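Visitor: Chains as they are written, first to last, in the numbering used here: chain A, 153 to 314; chain W, 153 to 314.
For the record, the hints were derived by calculation from the structure and aren't laboratory data.
A portion of the hints provided could be inaccurate.
In silico SDA-like pairs for lysine to any residue, Cα to Cα no more than 20 Å straight-line [to be verified]: (1) A:229 - W:178; (2) W:229 - A:285; (3) W:229 - A:172; (4) A:229 - A:250; (5) W:229 - A:171; (6) A:229 - A:252; (7) A:229 - W:181; (8) A:229 - W:173; (9) A:229 - W:175.
Since the model is a prediction, treat every value here as computed from it, not as a measurement.
As a plain string of letters, each chain reads:
2 protein chains.
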Amino acid sequence: MPPASSFRPRRPQARGEHFDPHVAGIEYGALDDLVGYAIRRAQILIYEDFLAALAPWDITPQRFSALTLIAANARLKLTELARILGIARSGAVQLVDQLQAMGYVARQEAADKRAYSLVLTPAGRRAHADITRAVQAHDQRISARLSAGERSQLIALLGRLG
Amino acid sequence: MPPASSFRPRRPQARGEHFDPHVAGIEYGALDDLVGYAIRRAQILIYEDFLAALAPWDITPQRFSALTLIAANARLKLTELARILGIARSGAVQLVDQLQAMGYVARQEAADKRAYSLVLTPAGRRAHADITRAVQAHDQRISARLSAGERSQLIALLGRLG
């Protein structure tokens with residue numbers, strides 16, 4: 153269940169109108185044959201649905217990824233989190249500050265005392281369980297036109313890029 | 153051929169180290185089974201390679217998309233460009249300002265005189281041809297581990313999301 157009012161009221165920026173991946177009457181030229189543009193199109197659609205589905209928790213994809221990685225990896229350091237997510241250290245600091253302000257994450261002094269370990273708070277653990285179910289439902293919804301086999305195939309093909 | 157010095161020296165922000173989509177020893181929990189996270193992983197890898205490949209032209213994916221849409225659609229308006237790309241109007245203004253400063257795009261007074269049409273300059277048309285070849289080579293490179301059939305299948309599966 154989403155928290156009522158125990159977190160910051162700031163909401164992820166809402167988009168204006170719904171994104172149309174193929175606007176009628178528009179020629180897309182070389183874009184239609186690019187894997188990169190197909191990913192970009194999908195990413196915008198998915199992002200819109202994610203923000204709408206997770207709005208009750210004020211959760212963005214990046215915040216969800218951070219919570220999941222902190223939950224799954226004991227003694228995770230901030231620099232490791234940045235590296236895993238492919239973001240700058242400054243971005244990870246901001247991300248963790250936000251999750252800490254929301255009451256979901258705490259910094260704990262690490263054994264070597266030179267860095268902090270990230271942990272979920274009890275409230276963070278409870279919220280993460282609910283948030284994970286909401287994200288999984290969102291992910292199934294945006295891939296609802298694919299069979300289970302096609303969905304697995306899509307994830308596998310994406311994993312072979314780069 | 154990339155221009156020598158006719159454009160702004162500002163370069164797309166370089167990332168630090170190379171993104172590793174599966175960091176050794178890290179548990180990804182629910183992330184590994186999400187279409188959304190598979191897309192996010194692919195998008196970071198592709199973005200890195202795109203920026204490196206297009207650095208000679210100072211071209212980001214969004215700048216390339218805008219050039220291609222302006223080239224392929226006569227009398228395109230700024231508000232249409234924003235809608236097609238799924239970005240805010242203010243973002244499209246900034247994007248077109250940058251492409252204009254680079255000498256690739258011009259604003260032309262439209263027939264109804266209430267809005268400007270976007271057109272490529274002669275330099276923009278020449279650059280766009282070279283840039284398109286570089287982007288297509290990049291796109292083939294990042295999908296080099298897929299067969300032609302798998303590549304088409306990936307684009308088709310992505311097109312059924314949302």
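Visitor: Against each hint, give a clear statement of whether it holds in the structure.
Guide: Here's how the hints hold up against the structure:
As the CA atoms of residue 229 of chain A and residue 178 of chain W are separated by approximately 12 Å, the hinted pair is consistent with the 20 Å bound. For the hint linking residue 229 of chain W to residue 285 of chain A, the alpha-carbon distance of about 42 Å lies beyond 20 Å, and the restraint is violated. Taken as a hint, the residue 229 of chain W and residue 172 of chain A pair is honoured in the structure, with Cα atoms around 17 Å apart against an allowance of 20 Å. About 16 Å separates the Cα atoms of residue 229 of chain A and residue 250 of chain A, which keeps this hinted pair within 20 Å; it holds.
For the suggested pair residue 229 of chain W and residue 171 of chain A, the alpha carbons sit about 17 Å apart, so the restraint of at most 20 Å is met. Between the alpha carbons of residue 229 of chain A and residue 252 of chain A the distance comes to roughly 14 Å, so the proposed pair stays at or under 20 Å and holds. Our distance criterion of 20 Å between C-alpha atoms is met by residue 229 of chain A and residue 181 of chain W, whose separation comes to about 17 Å. Proposed proximity of residue 229 of chain A and residue 173 of chain W is supported: the alpha carbons are some 18 Å apart, at most 20 Å.
Taking the CA atoms of residue 229 of chain A and residue 175 of chain W, the gap is near 14 Å; set against the 20 Å cutoff, the hint holds.
Consistency note: the structure conflicts with earlier hint 2 alone.
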